Structures are given as C-alpha cells and as structure tokens.
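Quick mapping for you: the protein sequence lines, in order, are chains A and B.
Position 429 (the first sequence) corresponds to 429 in this note's numbering; numbering is contiguous.
Position 224 (the second sequence) corresponds to 224 in this note's numbering; numbering is contiguous.
A few of these clues could be false.
Calculated pairs, PhoX-like style, for lysine-lysine (alpha carbon to alpha carbon, straight line, at most 25 Å) [claimed, not checked]:
no., chain 1, residue 1, chain 2, residue 2
1, A, K33, A, K252
2, A, K19, B, K147
3, B, K49, A, K307
4, A, K385, A, K435
5, A, K493, A, K253
6, A, K19, B, K127
Just so you know, these hints were derived from the structure itself, not from any lab.
Just so it is clear, the structure is predicted and the values come from calculations on it, not from any experiment.
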Amino acid sequence: MSVESLFPRLEALLPSVQKPIQYVGGELNSTVKDWDEASVRWALMYPDAYEVGLPNQGVQILYEILNELPETLAERTYAVWPDLEALMREHGLPQFTVDAHRPVRAFDVLGVSFSTELGYTNLLTALDLAGIPLDAVERGEDDPIVLAGGHAAFNPEPIADFLDAAVLGDGEQIAIAISEVIREWKGEGSPGGRDELLMRLASTGGVYVPKFYDVEYHPDGRIKRVAPNRSGVPWRVQKHTVMDLDEWPYPKKPLVPLAETVHERFSVEIFRGCTRGCRFCQAGMITRPVRERSITTIGDMVEAGIKESGFNEVGLLSLSSADHSEIAEVAKGLADRYEGTNTSLSLPSTRVDAFNIDLANEFSRNGRRSGLTFAPEGGSERMRKVINKMVTEEDLIRTVTTAYSQGWRQVKLYFMCGLPTERDEDVLGIADLAKKVIAAGRAATGSRDIRCTVSIGGFVPKPHTPFQWASQCDHETVDRRLKQLRDSLRSDKQYGKAIGFRYHDGQPSIVEGLLSRGDRRVGAVIRAVWQDGGRFDGWSEHFSYQRWMSAAEKALAGEPVDVDWYTTRERDEVEVLPWDHLDAGLDREWLWQDWQDATSETEVEDCRWTPCYDCGVCPTMGTEIQIGPTGRKLLPLTVV
Amino acid sequence: MVQRLRVRYAKRGRLRFTSHRDISRAIERAVRRAGIPVGFSAGFTPHPKISYAGAAPTGVASEAEYLEIGVVSPCEPTRLRDDLDSSLPPGLDVLDVVEAGPGSLAERLECSVWEIRLAGAEPERAKAAVERFMAAERVEVERLTKKGLRRFDAREAVVALTADEGTGETAGREPSPPYAILRMVVRHVTPAVRPDDVLTGLRLVADFAPPSPPAVTRLAQGPLDARTGGTADPLDLDRDIRGGEPGPAVQHVGDHK
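Please put together the full structure from these sequences, using the hints given.
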C-alpha cells in the first residue's frame, strides 16, 4: 500500500513557524526512493532540532548505506520545535520524514541515534506525534520497530520501556544485517508477528531487545540480576566493530542543507577509536580499538566530498585527530592540494603537544591564526594522573608558548570540574595554570595582545568507563569550586582581561548523570518529565532542573532509590550495574583495576605504542589495532 | 575582477521557505560546485564577490530575484546561466544572466510586482476591499520589525492594486471554488511596504481577512514606468549596451513544484 505525502498539510502550517525551511527537505544529495519498490523501510531519527541533527555523521552514513541497498529505503526525521509540535497536534498532523514527508508510523523501523541522553524526551515527543504507543509492549503489528543506536545506547536501560531494540557500536554492518533479517521475515509473510521478528534479531547476539530480559532488584534498590526471560536470547549482547574503514568510505555524498546548521563543513572521520585511556572518556572506551583510515582514502573522500557538496571547510574528525600515524602527511598533502582555493581545513580534538602547532600552522597557511584549543582536562598534576591525561605543566606551557610565538593570538584551554577525588585546590590549579600561560606568552612574544580562555565542563561518570563506579560530585560543590576559580581568575588585575572564563552551572550534569547511569526505573522519570512538557533538554532555554527533580520525586516515590542514589553514590565492585549485560568488550576486572589505579594516581600508556595491557576488547571482539604508516603520499590533484 | 554578471533567479515552490541567508549559502556552494571562477575579497576571511539586491521575505516565492557576481576570468552569460542553474537545487532556478553594464542594479529596482493568492477568499469581497484601500489617502499599519513595533503608511507606496477571480484548476487536483488573486505594484520605500502590510491595510479599511495563509509571489522587479504604473526588465539596460539575447518575458506564475 502506498503512502501519501503529508507535505500539502504541512505546507499550510509552515508560514506560522520559525525557520520553516528545516521541515522542507530537498537537501542536495538527499534521496527519495519509491515506497512500493522497497521491502524494508527505515526512518532514521536524530532526536534534536534539524540544525543539530542534519550534520550528524552517524545518521548520514546509515542513510547513504541503507539507500544503496536495492530493496531498502531510508528517510530522515528530526525533533520538531514546540511551535510546530503545537500546530501538528492542533491539525492532527503526524511525525513526518523530511525526505518524502511520509508518516513515521508507516515505516518498518524507526532508528534513533542517541549521541547524548538529553534527547530522550524528544524521542517520546516523536513517538507520540507519530501515533506510536510510548510503551514497546503496547505496540502492534502496524508499528515500526523502535531501535536505538549511538553512544548513549551503551546503556539504554532508562529508555528500555520505550524501545523495541538497541544496537551497540558501529552501525554500518549491523544496519544492513537488520535490514536483511526484516526483508526475509516480511518475505515469508511476517510469521509470528512482531515478537518473532524481535526474536530473530535478538538471537543474532548483536541486537538487544529489552523486553526479553527481566531485571530483579535487592530490597535496598540495587540490581540483583538481569537475565533473559526466554530461551534463545543471549545473556550478553555484543557491540559491533567495523574493521577496515577504507572499505566503508562514507559519507560519499554529504547532505547539504538549505537551512543553517551547527556544522557547515564536510567531515571525514580519519580514524575510529582511541586508546589514550582517558578514564573519564566514554567514547574512548567504547570505540576501541583504533582503526585508521588510510591517507589515500582520506584524500579521495575529501576530494569527492568537496566536489559533491561545495562546502568550503573540511573537518578531519576523530577522538584525537593528531594521533593519526600519518597526520603530518595528511595535513601537508591536503594543504598543498587546496592552497589558493579558499578551502579551509580544521582539526578538532587535538592534544597538548608542540607537534599540533605544526599541524595548525599547516592548516592556516593562507588564513588567520586566531585560536587554538587544548584540553588538559585537569587543573593539577595530581588530577591529570587520576584521569590518565598525561600532560605535564611543562608540556602545556611549552606548547602554548610556541603557539603564541608563532602568531597565534588566542588559546582556549578545556577543563572539567567534579572529577573523582577532586579537591578545591585541583580546580584552583586551573587559575594558576592560566596565569602561567599568559605570563609565558607575554614573555615569548613581548606583547600583551594575547588571550587565554578557560572553558569548563561538568564531569559526568559514564557506563563502560573506569569511573562507572565513582560518586558524581554534587552540583553545590561544583558551583562552589567554579565560583572560587572565577574569583581567583579575576583577583589578579595583571591577568584579568587576558583570561576569559566560560562555564556552566552544575545542575544539568546531575540530570545527565541520572540518565547516563540510570536503570529501567528511571524510565518513569523521563516519562513524567515529558508529560510535564519537558522537551529539548540539551538546550538551556528549554531545560528545567526543577522539572526533572520534581518528576523524579514523584516517579521514584515507591522505590528505595532517588536521584542521589543514581548520581552521587559510589558503587562497589560486586554491584550489578544496569549495563553489565551489554558488552563493549572491556574486561570488567580491567576496568575495576583501572579505577583503582586512578585513585592511586597511576597512569596507563597507550597500547598503540606500548605492549597490550589487556583491556579485553580485541580478544573479546575479534578485532585488532589498525594503524599505518602506509608510506603513501597525497599527489597533487589534476586540474579540472 | 575582469567581469561582473547580473543574474535573475526564481525562488519557487517549497524553496520559498528559504531565508535570504539560506539562499546566499546555497548560491555560494552552487558556485563552487559549478566551478565558476568567482572572485574573492581580500583579507583573512575572504568572501566570494556575490552581492544580492532586495531579497524577498522568507515564505514568499519570487520570479524576479537579482544578484551580481564578480569573476576573475571571463564567463559567457548563457553558459554561466546553465552551469549555475544545474548546480542549484530545483526551486532555485536561474532565469537570466547578462554581463553588467554601467550603473547600479539595485538603483534600477524601484518597484516590485506582487501576486497574492488568497485561497477561500471571496473575489467580490476582495474587490470591494481593494477599492476602499485605493480610495484612502493613507493607511497606517503596524509591523513588528527587528527594531520593535513600527507604524507606517502602507498606501502611498502602492502604485496599483487589483483583485481578480482565480480558478482553481491545478492538474490532478479537485477544482477548488473561486478564490481571490490580488496583483499589485509597490514602490520600494523605507520602511519597506511588503505584501503582508497591504493585506493588513485591507483588513483595517474593509475588515477583509482571508481565511488561510496567503500565497505570495514576486512576479517582477525593476524601474517604475510612471506612465503605465508598471515595470520593465531591469537587465534590458545592460543588454542594450552589451548585447545578448532578450530576457524571458514576465510571465504569470503559479506554485511550481
């Protein structure tokens, strides 16, 4: 049965909403396939506003890969702003895709990519607008399979009630495999209905179906065990790892929106994974091992991407881009190729290292040397040992001095507040560091025209990291330390104007902490917040701490647990964690040992350059480190 | 800069929801994809030499938007028209390109011809409202601008205004009941009088309020012919000097898909 476009009905509402172009679709390189010719239909959602969701690499990659399959079609849907939501409710218009404006409920799969937990309330809005029951167990044969992915899906328990399934890790191959399972099942006439399809997916061991698992609790609120409630369902669900990124050079045809979005550039992932071992970093833990894309594939992707998109900026993405084994050759090769074309190159996520200045210089050959960002993360030497961020004060001062003396005017330093074992003096150390940076910069340049901006984020303990057992710092303490730091930065007139200070207050981190390490009981809190109007929790103008706290009080009233129990409580080694049945490959004993090493300020080296320290990922997942150098070079582009 | 070219383009169908900023980004990217040898400004953040004249508001379609592009090697206007058009998304359509003659293009754009389709509005009531509006000396309206609520006269800038009956014959759809179409010629003044200001004026003088959102299209922009109360193709002057094919006629345009 064909599905009609909702666009004529939507079009009548668009004159009354903000930024209507975001709902119109028609982006360059977007795809509209024939509905009836496809047997498996995916709606891919990024649960935030279009301007944030469109540039998301994960969604773009899956969109392209799925649409390349002959019998599969994929369209995209994003969170609609409250002004359109109200109109859609008034006029009975359901959640739609932006590609062909088809109703989301008509698809076979609603795949939702969660980079952050703060998108959970937006999932509920989309389900409700789509006419899909919020509770997975109430869904019928006509409802899509609601499938979560992305980093937050490594602990999907807080939204387990709302999901039919979740996948962990790299999506490329598993998305194709899921499509194939659905195609077969539909081809057989959908035997056994929805449950059989979910069973077929679960039995692969690579798709987590929450309702096939029961959670039992101790009287004190801790989890007793999580166990499959039917045979054929594995005890643990494994993450997916794509080996050989050169085989998966996506996106090939980047989506180019008409609307303005947060990243206006073509991004190429130059490697996946990171083994620096920063203990706070969930991304670094769950994406192991390191798999590099080769210099030649990077060059080909950049060339094709610029040609296809017309973007004038290229971002080389990864968790620590300067760590690519041939980054110097990549930087020089690309800078040579695009010299004089008004194409700028950027390298986000760099570490504190003089080598980075050489790279940055290469990237800014023709342009302005405005700002460089470094992330020491911890304000004191002790703190940096706890988090395994191996940067000494000497390294930092030397690097920053080099930057200033080579013409960079502004340096941004990124830190976290609320780290495990943190004391007031660790945070105040940030002020000392910033002042030393300015002093050294002034000495090196003989100029007072240099600046340093200190930017602080609140630390949130994440699942599958050594800090998953840690007590999250309460927001009063975080706010008090930040105030002390601000006073210290401003007390010294000599540095006052040269040092900028940016921070957020501590309350949102507590909500993020609740959602990050929550279990299934937290689902009731999310639902209550959503019912009370909670939307777009990643946006400070929409976020309400009070709403979350009062919802939690009500929703958890009958339980022996509360927000503090989930956030500021330290866990012990034997406690069953809500995500223990989800396997990121990390050996639990190694994680615990790394947590012990953290508290004793013992550092761990990167396994790319030192012997394996048995984190467990490679043997468990059958993967290996894939790095260069390949020894190849980027040749000049032939003139068109 | 070896050459400047003047481009007339249309903003049609669902692309009418683009803002001016959206359009300028789309055009800059299309220029890069098409390999047009656009010039860049000097300085640390070079900008392509593309300038825009009087963009239609977000939500309003147009058959007559104009921009000027400076290139560093000579371009044949028809070739540039085809290259840029095929590089732009459907709905942003390049209609005409000429090599720029002397004088400012923006100064030639003295007035706009607008068409407003009012689905569900009775043509007779629209005609009566138009008569009262045109009979008035001044029609003070208010609009919320970036500088706050502004009050200004919407009457004087309106050189011509007529109401007609539209017939709802779109291929493949049920014929709709007759509806009103307004056509107007409005001089470019400060503060700008926009089609929605005229609609506000019709509501004020005759209590005429269409039941659904108006579909507005700019049909033409150009010099005001004081004698006829109409406008002419602003690129004709460039053509007279530089030569070239005549531009496309100003046609009657509906909602393109």
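Going through the hints against the structure:
With a CA separation close to 18 Å, the supplied pair K33 of chain A and K252 of chain A stays within the 25 Å bound. Restraint check for K19 of chain A and K147 of chain B: satisfied, since their Cα atoms lie roughly 20 Å apart, inside the 25 Å limit. Distance hint between K49 of chain B and K307 of chain A is fulfilled; the C-alpha atoms sit about 20 Å from each other, no more than 25 Å. For a cut-off of 25 Å, the pair hint linking K385 of chain A to K435 of chain A stands: about 22 Å separates their Cα positions.
With a CA separation close to 52 Å, the supplied pair K493 of chain A and K253 of chain A exceeds the 25 Å bound. Among the hinted pairs, K19 of chain A with K127 of chain B is inconsistent with the structure: their alpha-carbon atoms are about 33 Å apart, more than 25 Å.
In the structure shown, a violation is registered for the earlier hints numbered 5, 6, in ascending order.
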